[in-house]
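Participant: Taking our numbering, the leading residue of the sequence shown gets 1, the next gets one more, and so forth.
Cβ-Cβ distance ranges computed for the label pairs, FRET-style:
hint, residue 1, residue 2, range
1, Asn293, Tyr343, 33 to 41 Å
2, Val384, Gln281, 55 to 63 Å
3, Arg292, Glu323, 13 to 21 Å
The calculated lysine-lysine pairs, modelled on BS3-like cross-linking and capped at a C-alpha distance of 30 Å, are:
hint, residue 1, residue 2
4, Lys75, Lys30
5, Lys224, Lys100
6, Lys37, Lys100
7, Lys261, Lys449
8, Lys75, Lys109
9, Lys269, Lys37
10, Lys37, Lys109
11, Lys224, Lys75
12, Lys269, Lys75
No lab work stands behind these hints, which were simulated from the structure alone.
Each residue gets a CB set at the ideal place from its N, CA and C atoms; glycine is no exception.
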Amino acid sequence: MTESTPPTGRVLAIDDEPEILETYEAILGKQGIRLTKAETLDAGVRLAATRPFDVCLLDRNVGYELGTEAVPQLKDQAPGLRIIMATAHRDTEAAMEALKLGIDDYLVKPFSPEQLRIAVARQMEARRLSAKVAVLEHEAAPVPVADGELTSKSPAMQKVLAMARQVARTGANVLILGESGTGKNVLARAIHRWSPRHEAHCVTVNCPSLNAELLENELFGHRKGAFTGAQESSEGRVAQADGGTLFLDEIGDFPLSLQPKLLRFIQDKEYERVGDPVTRQADVRLVTATNRNLAALVESGEFRQDLFYRLNVVAITLPPLRERAEDVVDLARGFLARFARDYGCPAREFSDAAQQAIRAYAWPGNVRELQNVVERAVILCGDVRIEADQLSLGESEAGSAGNVRASIGADLTLEQLERQHIEAVLARADTLDQASRILGIDASTLYRKRKSFGLK
Numbered sequence: 001m002t003e004s005t006p007p008t009g010r011v012l013a014i015d016d017e018p019e020i021l022e023t024y025e026a027i028l029g030k031q032g033i034r035l036t037k038a039e040t041l042d043a044g045v046r047l048a049a050t051r052p053f054d055v056c057l058l059d060r061n062v063g064y065e066l067g068t069e070a071v072p073q074l075k076d077q078a079p080g081l082r083i084i085m086a087t088a089h090r091d092t093e094a095a096m097e098a099l100k101l102g103i104d105d106y107l108v109k110p111f112s113p114e115q116l117r118i119a120v121a122r123q124m125e126a127r128r129l130s131a132k133v134a135v136l137e138h139e140a141a142p143v144p145v146a147d148g149e150l151t152s153k154s155p156a157m158q159k160v161l162a163m164a165r166q167v168a169r170t171g172a173n174v175l176i177l178g179e180s181g182t183g184k185n186v187l188a189r190a191i192h193r194w195s196p197r198h199e200a201h202c203v204t205v206n207c208p209s210l211n212a213e214l215l216e217n218e219l220f221g222h223r224k225g226a227f228t229g230a231q232e233s234s235e236g237r238v239a240q241a242d243g244g245t246l247f248l249d250e251i252g253d254f255p256l257s258l259q260p261k262l263l264r265f266i267q268d269k270e271y272e273r274v275g276d277p278v279t280r281q282a283d284v285r286l287v288t289a290t291n292r293n294l295a296a297l298v299e300s301g302e303f304r305q306d307l308f309y310r311l312n313v314v315a316i317t318l319p320p321l322r323e324r325a326e327d328v329v330d331l332a333r334g335f336l337a338r339f340a341r342d343y344g345c346p347a348r349e350f351s352d353a354a355q356q357a358i359r360a361y362a363w364p365g366n367v368r369e370l371q372n373v374v375e376r377a378v379i380l381c382g383d384v385r386i387e388a389d390q391l392s393l394g395e396s397e398a399g400s401a402g403n404v405r406a407s408i409g410a411d412l413t414l415e416q417l418e419r420q421h422i423e424a425v426l427a428r429a430d431t432l433d434q435a436s437r438i439l440g441i442d443a444s445t446l447y448r449k450r451k452s453f454g455l456k
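Kindly generate the complete structure, drawing on both the sequences and the hints.
Facilitator: Have a look at this one:
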């Protein structure tokens, strides 16, 4: 992208002279810019409060009012909005004062169409980069979409990927189901990447990590002064995902008290920030994931039926790793190469016995557990070849497939096997967090499983 070719985007122009607004529209319209016009400051502020804009072209004098007077309101109503001031005065002091107030750029009339295009392109790029930084800062440990995790020899997984690619091309809401650690977040990001929205953000919210009040603020943002400590306005994750994808992980833990607001947003694309009566709009594609039985939660009254139907437009179930025997060693090799590279280690390989152990192990923590096991082996193993006993699979110290099978119990049901494995890891781990890392599941999931199994 060059500065003379601004990206498509949304511009709000505020000027009391209709012919100037028409000129802006003609110049920027050729670049694919959607321009919305306002002839008064009040009208401009109202538009900024209800529609998403990237850039505002603000005249220094709008009727009998100074455009600078509206800057605080514009910034409050639309956090992240970039403002370009247009003025007929070549006044350096006035320009500096405007910049102090929050103006991002300054155009002196008369300016050429090219100058206007360059200024708008520059601010749109700044808006895009600042939004990206905000997303990355909020996601302390973003999960990359790795092609190696989305290639498969397993017929079941191939069907899942084919379905995901097909639905990605639509705007339908997607519900991803599967056990913890099966890669639901990786698939969600892949759906975004394969979709027409791939150039916008894919924003993730982990539902169990916040209570209802904090989750509402996280999703919808807040107005300055909405609560103690709210010294600045926050646009929220929904606004950050505008034009892209909003991924709600562990939707089964979404607070019941907040579900009506989520339902309304899904139905109407409208919401309000905390402490702000102004209704806003955002266009997002919703992808959700859970390892829980939502139908059972609806039956027990823990989840709204109407919300369930809105989320469950297309459901994709990820198979557990134990049902992907064709993939497990290839996945392990992919992780091995990645972690050896990340940690600056020589290239590593698995011994034949290690590969047999990997194939035989039940992987109750699924792909996440496999990833953790391989990472731990790369860190702790000083040799080029990784042996079976260096994988620390469950309680097994065996180096053969037969011993591994014996250690996990061939006659146990899956539920009994999972309980036994979790109990063994809890006994060995010092803390719940450490146990969850070993198992490759979230601490909240481990807490729930421990409670359901009656484990201490």
